[in-house]
Structure formats: structure tokens, C-alpha cells
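On the provided structure of chain A, position chain B as indicated by the hints.
Okay, here's what each chain looks like letter by letter:
Protein chains: 2
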Amino acid sequence: MHRAHPFPNYASRSAREPVSTPEPMETAAPTLYDAPPMPKKKAKEAPVEPRRRATAETLAERQREISVSEFFTKNRHLLGFDSPLKALLTAVKEAVDNSLDACEEAGVLPEIVVEITPTGEDRFKVSVEDNGPGIVKDQIPKVFGKLLYGSKFHKLSQTRGQQGIGISAACMYGQLTTAKPVRIVSRTGKRSPAYEILMSIDTARNKADLHDERTIEWPREHGTRVEIEMEARYQKGLRSVDMYLKQTAISNPHLTLAYVDPGGERIVYARSTRELPPETVEIKPHPHGVELGILLAMLKETGARSLSGFLQEEFVRVGRKVAEEICTNAKLSAKAYPTRIAREEAAALHAAIQRTKISSPPTDCIAPIGEDLILAGLKKEIEADFYAAITRPPAVYRGNPFQIEVGIAYGRPGGVGLELTAEGRITKKKAGKETSEDLVANADEPIRILRYANRVPLLYQQAACAITKSVIQTNWRAYGLQHPKGALPLGPCALLVHIASVWVPFTSESKEAIASYPEIARELRLGLQECGRRMGAYVRKGKRLRAEYDKRSYIEMYIPHIGIALQEILDLSDPERDGTVKTLEDVLHKSRKF
Amino acid sequence: MHRAHPFPNYASRSAREPVSTPEPMETAAPTLYDAPPMPKKKAKEAPVEPRRRATAETLAERQREISVSEFFTKNRHLLGFDSPLKALLTAVKEAVDNSLDACEEAGVLPEIVVEITPTGEDRFKVSVEDNGPGIVKDQIPKVFGKLLYGSKFHKLSQTRGQQGIGISAACMYGQLTTAKPVRIVSRTGKRSPAYEILMSIDTARNKADLHDERTIEWPREHGTRVEIEMEARYQKGLRSVDMYLKQTAISNPHLTLAYVDPGGERIVYARSTRELPPETVEIKPHPHGVELGILLAMLKETGARSLSGFLQEEFVRVGRKVAEEICTNAKLSAKAYPTRIAREEAAALHAAIQRTKISSPPTDCIAPIGEDLILAGLKKEIEADFYAAITRPPAVYRGNPFQIEVGIAYGRPGGVGLELTAEGRITKKKAGKETSEDLVANADEPIRILRYANRVPLLYQQAACAITKSVIQTNWRAYGLQHPKGALPLGPCALLVHIASVWVPFTSESKEAIASYPEIARELRLGLQECGRRMGAYVRKGKRLRAEYDKRSYIEMYIPHIGIALQEILDLSDPERDGTVKTLEDVLHKSRKF
Numbered sequence: 004m005h006r007a008h009p010f011p012n013y014a015s016r017s018a019r020e021p022v023s024t025p026e027p028m029e030t031a032a033p034t035l036y037d038a039p040p041m042p043k044k045k046a047k048e049a050p051v052e053p054r055r056r057a058t059a060e061t062l063a064e065r066q067r068e069i070s071v072s073e074f075f076t077k078n079r080h081l082l083g084f085d086s087p088l089k090a091l092l093t094a095v096k097e098a099v100d101n102s103l104d105a106c107e108e109a110g111v112l113p114e115i116v117v118e119i120t121p122t123g124e125d126r127f128k129v130s131v132e133d134n135g136p137g138i139v140k141d142q143i144p145k146v147f148g149k150l151l152y153g154s155k156f157h158k159l160s161q162t163r164g165q166q167g168i169g170i171s172a173a174c175m176y177g178q179l180t181t182a183k184p185v186r187i188v189s190r191t192g193k194r195s196p197a198y199e200i201l202m203s204i205d206t207a208r209n210k211a212d213l214h215d216e217r218t219i220e221w222p223r224e225h226g227t228r229v230e231i232e233m234e235a236r237y238q239k240g241l242r243s244v245d246m247y248l249k250q251t252a253i254s255n256p257h258l259t260l261a262y263v264d265p266g267g268e269r270i271v272y273a274r275s276t277r278e279l280p281p282e283t284v285e286i287k288p289h290p291h292g293v294e295l296g297i298l299l300a301m302l303k304e305t306g307a308r309s310l311s312g313f314l315q316e317e318f319v320r321v322g323r324k325v326a327e328e329i330c331t332n333a334k335l336s337a338k339a340y341p342t343r344i345a346r347e348e349a350a351a352l353h354a355a356i357q358r359t360k361i362s363s364p365p366t367d368c369i370a371p372i373g374e375d376l377i378l379a380g381l382k383k384e385i386e387a388d389f390y391a392a393i394t395r396p397p398a399v400y401r402g403n404p405f406q407i408e409v410g411i412a413y414g415r416p417g418g419v420g421l422e423l424t425a426e427g428r429i430t431k432k433k434a435g436k437e438t439s440e441d442l443v444a445n446a447d448e449p450i451r452i453l454r455y456a457n458r459v460p461l462l463y464q465q466a467a468c469a470i471t472k473s474v475i476q477t478n479w480r481a482y483g484l485q486h487p488k489g490a491l492p493l494g495p496c497a498l499l500v501h502i503a504s505v506w507v508p509f510t511s512e513s514k515e516a517i518a519s520y521p522e523i524a525r526e527l528r529l530g531l532q533e534c535g536r537r538m539g540a541y542v543r544k545g546k547r548l549r550a551e552y553d554k555r556s557y558i559e560m561y562i563p564h565i566g567i568a569l570q571e572i573l574d575l576s577d578p579e580r581d582g583t584v585k586t587l588e589d590v591l592h593k594s595r596k597f
Numbered sequence: 004m005h006r007a008h009p010f011p012n013y014a015s016r017s018a019r020e021p022v023s024t025p026e027p028m029e030t031a032a033p034t035l036y037d038a039p040p041m042p043k044k045k046a047k048e049a050p051v052e053p054r055r056r057a058t059a060e061t062l063a064e065r066q067r068e069i070s071v072s073e074f075f076t077k078n079r080h081l082l083g084f085d086s087p088l089k090a091l092l093t094a095v096k097e098a099v100d101n102s103l104d105a106c107e108e109a110g111v112l113p114e115i116v117v118e119i120t121p122t123g124e125d126r127f128k129v130s131v132e133d134n135g136p137g138i139v140k141d142q143i144p145k146v147f148g149k150l151l152y153g154s155k156f157h158k159l160s161q162t163r164g165q166q167g168i169g170i171s172a173a174c175m176y177g178q179l180t181t182a183k184p185v186r187i188v189s190r191t192g193k194r195s196p197a198y199e200i201l202m203s204i205d206t207a208r209n210k211a212d213l214h215d216e217r218t219i220e221w222p223r224e225h226g227t228r229v230e231i232e233m234e235a236r237y238q239k240g241l242r243s244v245d246m247y248l249k250q251t252a253i254s255n256p257h258l259t260l261a262y263v264d265p266g267g268e269r270i271v272y273a274r275s276t277r278e279l280p281p282e283t284v285e286i287k288p289h290p291h292g293v294e295l296g297i298l299l300a301m302l303k304e305t306g307a308r309s310l311s312g313f314l315q316e317e318f319v320r321v322g323r324k325v326a327e328e329i330c331t332n333a334k335l336s337a338k339a340y341p342t343r344i345a346r347e348e349a350a351a352l353h354a355a356i357q358r359t360k361i362s363s364p365p366t367d368c369i370a371p372i373g374e375d376l377i378l379a380g381l382k383k384e385i386e387a388d389f390y391a392a393i394t395r396p397p398a399v400y401r402g403n404p405f406q407i408e409v410g411i412a413y414g415r416p417g418g419v420g421l422e423l424t425a426e427g428r429i430t431k432k433k434a435g436k437e438t439s440e441d442l443v444a445n446a447d448e449p450i451r452i453l454r455y456a457n458r459v460p461l462l463y464q465q466a467a468c469a470i471t472k473s474v475i476q477t478n479w480r481a482y483g484l485q486h487p488k489g490a491l492p493l494g495p496c497a498l499l500v501h502i503a504s505v506w507v508p509f510t511s512e513s514k515e516a517i518a519s520y521p522e523i524a525r526e527l528r529l530g531l532q533e534c535g536r537r538m539g540a541y542v543r544k545g546k547r548l549r550a551e552y553d554k555r556s557y558i559e560m561y562i563p564h565i566g567i568a569l570q571e572i573l574d575l576s577d578p579e580r581d582g583t584v585k586t587l588e589d590v591l592h593k594s595r596k597f
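So the protein sequences, as listed, match chains A and B.
Here the numbering used here runs 3 ahead of the position in the first sequence, where the first position is 1.
Here the numbering used here runs 3 ahead of the position in the second sequence, where the first position is 1.
In isolation and in its complexed conformation, chain A is listed as follows (with noise of 0.2 Å):
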């Protein structure tokens, strides 16, 4: 292939040859078995430049700083803007996260409003305002303008946001699509006046580009209200807005939720709850999660005098007791000067800590939806026949706490669901009506799975998930679902699945994702096991009834022939005839048992 070449004089063959050839290294470099031999300058010619394409030194003056605002940008799908129908749902999804995490922090029982407005072709406006405490007005600018800037990064506490990225990333795409500025609107408290910020973001240095402030009339005592406008598309499904908004209902029961779709419906989610979900403890790093690189720069930064000091102040579970006994392991005096503590001593340290007996971290810092809750989000927002719900204890990785429930929904009233009677009969069940947004898979689908963390439902990138692996490794056959091997089992049911943790290690900065940590692996095994026994012994039972209710019908079809045999044989009279038939069903629906 020919191609043009940039640098014309060093277009010829021979810039393709190597400039020259490394003697084999005396250290353990092998020696290179075909390595070209040395080229031997000629005699009479002046010495030439190595024909190279770029030197060292061209090559480092092209070298530069990237921002993380111009990295997002090129690489946005990485964020969830990879598509406009992806882009609409990660906009919502950012804004109200930190709209929910806002109102629990402050102890507000949140009100969220978000509105999609048609604004063009292809184009929406999306709002969403809520009734939190609202955002001091030099913060505004950083919180939606500058990637990698917020308040949850830095502590281990259970909460949606935990990069700092997110709604930054949402505004920086809407700009990029729209180049219109976002608008804000934030007020926090009745003394304060609302303020109204119009800003962009200037990628290549990562910061807010104001256009205007004003303080406004606003009728919110305290909350904060974001516009973007962004090129998107609307559809409605298993993976829309509308879903994640409903999903979204059913893990936040104290939530009251309104939405205006684009058409201009509106759908209000009233809260179940005037609880809010316990506020959770902020905690600090477990001693068997810290990396030796980690342990080295605390130590360096601690005020603590003392390593036994230093032990006790920057890590949970660790007394007096504990910290003199991982000195003792790691053969350095209790008294030593933390900042003074060499590398040799610091990995002497690491390896103590790990050698050391610790108790497990609190788990104060987890708030489960708990099962009651986990159960009535389910009947509210999903009609199904069985309902079962389970909370795991919480556990540990790496460290860091975390929590698994498991919840589930199983039959489709609208399906071929039989009940009996409080009378011992068997009958079909009335038809609900099926929708294509139905959680609840018909009979020959794979199940649907609702998968959740920290209450924030994950609607993407399913197949990459831990929580979806879990569910294929489960055995399904055992609690009587239809089940193929390496793929999702097939039956009327919904999964909802949950992990609350200080720190969720998702696979992408998109969030839609669990990466599949062993012991987070082994909680979901369990968790699904629990649930898949309770819907196994209805399943069964549904099984039994079925069969019982095909014998019933064969019996029902028979038995009336029957009567009339009886009656030729017997002479007996019609209503003799009709009372023998009535005993005999009687008789044989009450020898059954269930």
C-alpha cells in the first residue's frame, strides 16, 4: 500500500531498516537469535543522520497534559453517553442519585421532579429538582462543572454517587450536543435567597465557565433544580427512563417521585414510607483492606505520634490491645514515630496487619431496604402471584462492608396461574393484562432481573454483570424453573437484586456494572439460593395443582357420561341421576389432598 509520506526526504526504503543495532545486554537480556548485524558506516561518507521518522526529541515535544474533561469527552461512552437513547437515561440517573443523596444527608424525606421537554428534533431538555438542602453558591460552579469534584469520593460511607463524575459528565454532553449552557437553580434555606447560575464547562481545564448569576424568585424554601439541554432520544422499555424511574420507586419507598414524560403524561410515585433509610456511618478503612502503597502514604500524612497511636486513629477495629499486638508482630516498638517509619518497616507493618486476628468491620455503615420494604416496593409496582424477599448478613471485601438482598416476584396473574379455593376447589385464576413493560418475563422468556446498588437501578450492560453471573450459576432446575445451560432460566418471575456497600466496585465509570469480587460472588450465591428454595416449594405447589386440575378436568369431562351409564343401569330417575353425579364429584375432589 503506498501511502503519502509527511516527511518526504525520509521517504525511502531504508528509513524502514533499524538505525542501529544494541550489542546483546551482559545482563539477562537474552541475545536476540536473528538480531541484524551492526551497520558498518562507509568510509568516505560524512556521517548521516539516523534517517529515524521522529527522534526522542520530536516525539517529546508532542507530548502534553490530557484534562480529565477532555478524556471524558473523547471517551464518553465510558460515563454512559455512548448513545442518545444511553445519554438520556445517564442524565436522569445522575441528577436524581445525587438529588436522593442530597435529601438523606440532610434528613429531608425527598420530592424530586424530573420533566422531559421535547425541544427540538432529537433534542430534550431535561430537568430535575428536588427538595434537598441545596448548594452553596461558590460550589454550584464545581459541582456541575468540574469532573472529579465532590464530597463522596474521599469517605467510606454508603451512597450513590461515590465519583464525584457524574452529573459534571451529564452537563459536559449536553454542551457538547447542544452547546447551550445548563441552568441551576439553588436555594438553601428560607433566609437565603435562590440563586440562578447559566454556566458551561471549559473542557480543556476542566472547570465552569460562568454566563450569568442572578439570585431569583424561587418557590422552594431549599432544593436545587438542574436543565440540560441535550441532544437524546426517547423510548420507552426495559431499559428507559420510565423503568429506571419505576425501579427507582420500588428501592426508595420514602421517595415521592413525579415525572412528565415527553408526551406531557405525568406519573407520580407517592411514597410508601415516611422513613427515611437509616443514616449510615461514615467509617474508616479496615486494616486487612489497606494496600502496603496505601499504608505508606497514611503513615507519612498521620498526626498521630505514635504507631500505636497512628493504628488506632486511622483504622475501625483496631484498640489499644489489637495495634500493640500488630506492632509486636511486625517487630517495631509501639512508640515509634509513624513519619519516620522506613519502607522495610512499613511492609514489615503491612504483613503484621494481615497476620493479625481483626474483627470484622461495623456494619452501621450499610442500610438495607430491608425485606418488609424489599416486599411491599415489589406489590406495589409489580402484580405477581408469589412474592419472597431475603437480606444477607452483611459481609466483607477487600475491606470494605457490604450487604446482599435478594427479592422476588414469581406467576403472572395474567398467566396461567390456578388457585384453590377456600372451599378446596381448584380454579383458573382471572386474566391481568400483559404490557410490554412488564417486570414479571412470561412463562418462555428468561426471567427478568432488577438489579440494584446502593438503591440506584443498574439498567445496562446486564451481561457484564456479577449480580447476572450469580443468577446463570445458580441452579434453577432445583427450585423448578426451566433452566439452560450458561444462560439466564426462563419462568414468569422477576429478580430484584441489591447490594449496598461503602464502596460498590463497578466494571466502568458508567456505573451499570458489578465487577465479580469472590466474596461478593458467594453473598449473591447465597442470597438467591435462599429466595430460589422459598419460590421452589410454590412453584411445586403450583405444579401439583396444575396436575391436580388436569385429573379434575378429565373427571369433570367423564363423569357426567358416567351418571348416564348409572342411570341405564340403575333406572334412576334425573334428579337421582344429578345427585349421584354432585356425591361423586364430592367425593372424589375430597379424597385428594393438597
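Be a bit skeptical, because a hint or two may be false.
Treat identical chains as interchangeable: a pair holds within one or across any two.
What the hints assert, rightly or not - Here are the simulated DSS-like pairs of lysine-lysine, each with C-alpha atoms no more than 27 Å apart in a straight line:
hint, residue 1, residue 2
1, Lys77, Lys472
2, Lys89, Lys239
3, Lys145, Lys210
4, Lys334, Lys303
5, Lys77, Lys303
6, Lys488, Lys472
7, Lys324, Lys158
8, Lys77, Lys210
9, Lys77, Lys360
10, Lys303, Lys145
If you're looking for bench data, these hints aren't it; they were derived computationally from the structure.
Same frame as chain A, now just chain B:
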């Protein structure tokens, strides 16, 4: 669940009541149906501070900037450092990718030495040394010690690296797990000294922390060596360092690679061509791929003094005629001053660009491996019966040129192969040996896929990759393979798929899988189908051979009996009988068509 409250004064139940309730908004915000009533102040009491958990002010105090190194330390699974096994591969890969890029940029035939040395339990030193152009001294701390720093991010050209993260991340991981500095040796030419630098990374500031710097004797005239000690695990297999290097040799036939594995065994992959890949040209962005926000930023920063000049200078495929057509379509003057273009005018310009017909971007910015070299590479490293390779013509996604290549190796010489001899006889082939690292699968296993992006093998996240999805969606039954629905086809087959592009859309920073853009999926499908058809012809021939072979077995089994019968019937002598049998066999063999 009861929890200790960090602010005990505020821990009453009412802290969970909303502080206040906003009036329904006058704007489009819908009334919240269950909005709680406004709390009434009791007249006698002094005004009470809202019983909040936190206020906007306390929340503001917690807000902080997050350094990109801190972010990726905590999220290191995003960079491919989630397990000790993968960390080893990722570190080798990042270093080798950089070496190859540097050699090619400098026009040097690459010679790379990779060494993995055990230094303790679960600890290895990874050393990668190349004969590239070297790195000028001032740049070394930035290249190895600063995330988001590099020369490849800001240009559109086909390189292995593109983010400015990889090698710094490897250094950061080494430091995190062993707290040891990394060692770098680099020399830019025989007239310069070789520098040795020991450094670590200051993650809070995202910059290098120099420990030591000196000049040393180094036998190479130019090149770079990096040594990183890290916690890791070494294991052979399909996703091992060994496999990565083997696959790298296949896709880089101009590379000579020496590898010293942790056991001290030396493997050398010698180059099979002395021709470097053609130098790829850096291109400017194509107008059809530019977003409005980017366009606006470009207008602000250009040095061009007219709109027409701006379009011609900043974009590829825009000459004066096209530039003027765009301006006319946008109802803007071609002489307008670019920096004075307002947002609405820029939007009109953006829309006009989409409406204007502009040639596809040039394709000399892409260097595919080429059909011949793919075949050569496959034949050199994979033992199989049948090979084919396709290089598709270049195509474009989001303004970025890319090109798909597919290679296939079919049949295991150790397996059930049959061949047609020159004399027209079908014989069973000699069996080869099977090893666990064979790249061709067994007949009843899913086929193996060797995925490549810009010549770099991708070993992880196969399920999440556009390449895998396209393989699954292709109908392999048509080409003679078994193909379960929704899964990989089965058969003794290895597929090599390469995407070359000026910007590969990876699904994460760890660059393990390719995002599924429709244009890319389409090219993949066409490439796979074409290779599949060629293989299909061979597979069918194999099946025909098999059928014939079976028939021949029957013939050979029965012809002697026929011979004996004929001998009796026709009263033949033994030689006459043998002659007849031979003739009969020949006639029957010849009557078959291949």
C-alpha cells in the same frame, strides 16, 4: 435497625421529617399528590433550626477535588489491575505497546525483551526493554509518573496507546502493592548518556516523585527499559502473558521479541519480515464526526481568519468549494471571522455540515496488517489444515476511519483430518500433539477468537466485545460449523479479528473490549461472512472427503469378498482374482468426483 448517630442532638425521630415543604411550582412542575402539609410553627416557641442531619454548608465543606491518580487507585479494576493475575498481563501489555509505538514512530525495527522475575511470594519484577528512540530525560517522570499525559491522545492516528494512562498506571500499581520505586533507563542516541531514574508516584498530586537520577553505562545505543516490581500471580493459559506475547508476535511480524518467563525459560519470536508497517498519517477530524460543542470550541481557538479558511484548515476533505458550499448552506458568509461566530450561527454551521456531501476521510491513516502477513502469522504460530484471511476496505464511524481484518485457521492436524493425495487417494493424516495452549479449539468446543485492536491482542472481557457479538450473530451453520443459538460456534477453528482505527472505542480504560458501534458491527459481519464462506467450501469438501472415505472403507471391506465370489463364479486363478480386485478398486475410485 438502630445506629449510633454522629450528631446525637439531632437524632430524634423528627429529624426524618421533611424540614419544610415547597409550594407546588407555578411552572410545569406537577403537584406532588401526597405532598405533606406545611409544618406550622408553634407561636410561643423561639424559631427552631431545622433538625437536619447536614446542611448545604456542612455538605460544602466536604467537597473536594479528586486527583485522577487517586481516582484510578481506588478504581484500579477500570485499568485492568483488578487481580494479581491480570495485573501482570496488563503491566507487560502497557509497556510492550508503548515500546512498539515508539519504535514504529521512530522508524526502528523493534526488538523487545520482556522478563518476568520472581522476587518473593506473589511478587514479580516486570522488565521491558526496547531499542526504540528513547525518552528525553525531562519527559521520563511525566511519561511514567503522571496519569493522563501523553502524545497520542490529542491526535487522530493509529497507535496502540491512546489515553496516556497505561504505563503510569502500571507503575502506580507496583508502588501500591510493593511500595518500591520503579526503575527506568533510557538513552536517546549514542551521543547522549543513558539515564537511570528511580521514581514513585505522588498519587494525591498526580506527579512523579524522583528518588534518584544518574547517568550509567548502558550497552544500547538508544532505547528504554522499565522495571516495575509488583504483587502478581503468574499462570499459563489462554489469558496469560505467554499467550499475549504469542499473539503479539502474530500481529506484529516485524517484531523480534525475547521473553524470559518466571521459570527462567527463554522464548524468542523472531521477526518474519524486515518491513515496518507503513507509517500512518495523522489526520484532522472529519467534519461529519464533529459535535456542536467541539465545533464551537474549535471556532474559538482557530488561527484562521475566515470561516472558509477555518473549515479548510481544521478539517480533512474540505477544500474551498466544499467550504463555500457549507457556508452557503448555513447562510453564513465564507469571510466571517471565526472567533466572532455566535452559538446560533455555529449551530447553523453544524447542521449545514451534516447536510453537505463531503468525501469520506482518507485511509492512509490506517495500517492494516494485510492478508499476506495475517496468513503468514497464523501459519507460523497455529498448526491447522486450512487458512484464509480478509482485509476489508476502510470504513468510517463517527468521523473516524477504521478497517476490519479477519483471519481463520481451521482443522486440527491432530484431529480427524483427511487429505486427498496427489494420486487421488484419501488418507488419514498424521496426528499432531495437542496442548492446553493450542489456539485452535477441539471439535466439540467453542471456536477460539483472537481479538486485536491496532495490533494489540485483547485477552479479557471477550463477552463484552463487539467482535464476539458479531461472531455470535453470524450464521456459522451455513459454513459447516455447529452453532448453538446465542453462543459461539463449535469446531476446530481459530478466528483472528483485527480492528485498526485512528481511535478505537474501547469499553473501558483497560482497553479489553470494543464498543459496538453499528458501522463497526457491519464491517465485522461482512468480514466474518467472507472468511466463513471460504472456510465453508473447505469444510464441505472435508465432509465430502469423509463421506467418500467411509464409502471407500466399505468398498475396501467388501471388494475382497466380491473377488472371491467372482473367482468361484468365473473360475479365476489367484493372480487373475487379485488383478480383477485391483481393477475394480481403481475404477470405483476414479468414478468419484472431487
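TODO: Go through the copies and call it for Lys77 and Lys303: within, between, both or neither, with a Cα cutoff of 27 Å.
DONE: between (37 Å within a copy, 19 Å between copies)
Open item on the list: If the cut is 27 Å between Cα atoms, do Lys77 and Lys472 qualify within a copy, between copies, both or neither?
Closed with: between (30 Å within a copy, 24 Å between copies)
- [ ] Classify it for me, Lys77 with Lys360: is the Cα-Cα distance of at most 27 Å met within a copy, between copies, both or neither?
- [x] Between. Shortest inter-copy distance 25 Å satisfies the 27 Å Cα cut-off; intra-copy 47 Å does not.
Task: Status of Lys303 relative to Lys334 across identical chains (alpha carbons, at most 27 Å) - done: within (20 Å within a copy, 63 Å between copies)
Task: Homomeric proximity label, Lys145 with Lys210: Cα distance no greater than 27 Å - done: both (7 Å within a copy, 23 Å between copies)
- [ ] Have a look at Lys77 and Lys210 and pick one of within, between, both or neither, based on CA distance no larger than 27 Å.
- [x] This pair counts as both: shortest intra-copy Cα distance 17 Å, inter-copy 23 Å.
Open item on the list: For Lys324 and Lys158, with the copy left unspecified, which applies at a CA distance of at most 27 Å: within, between, both, or neither?
Closed with: within (26 Å within a copy, 58 Å between copies)
Task: Homo-oligomer pair classification [Lys472, Lys488; C-alpha up to 27 Å] - done: both (12 Å within a copy, 19 Å between copies)
- [ ] First find the shortest C-alpha distance between Lys89 and Lys239 inside one copy, then the shortest across copies, and answer within, between, both or neither for a cut-off of 27 Å.
- [x] For Lys89 and Lys239, the Cα distance is within 27 Å only inside one copy (12 Å; across copies 39 Å).
- [ ] Please work out whether the CA atoms of Lys303 and Lys145 approach to 27 Å or closer within one copy, between two copies, in both situations, or in neither?
- [x] Only across copies: Lys303 and Lys145 sit 23 Å apart there, 29 Å inside one copy, limit 27 Å.
When held up to the earlier numbered hints, the structure conflicts with none and fits them all.
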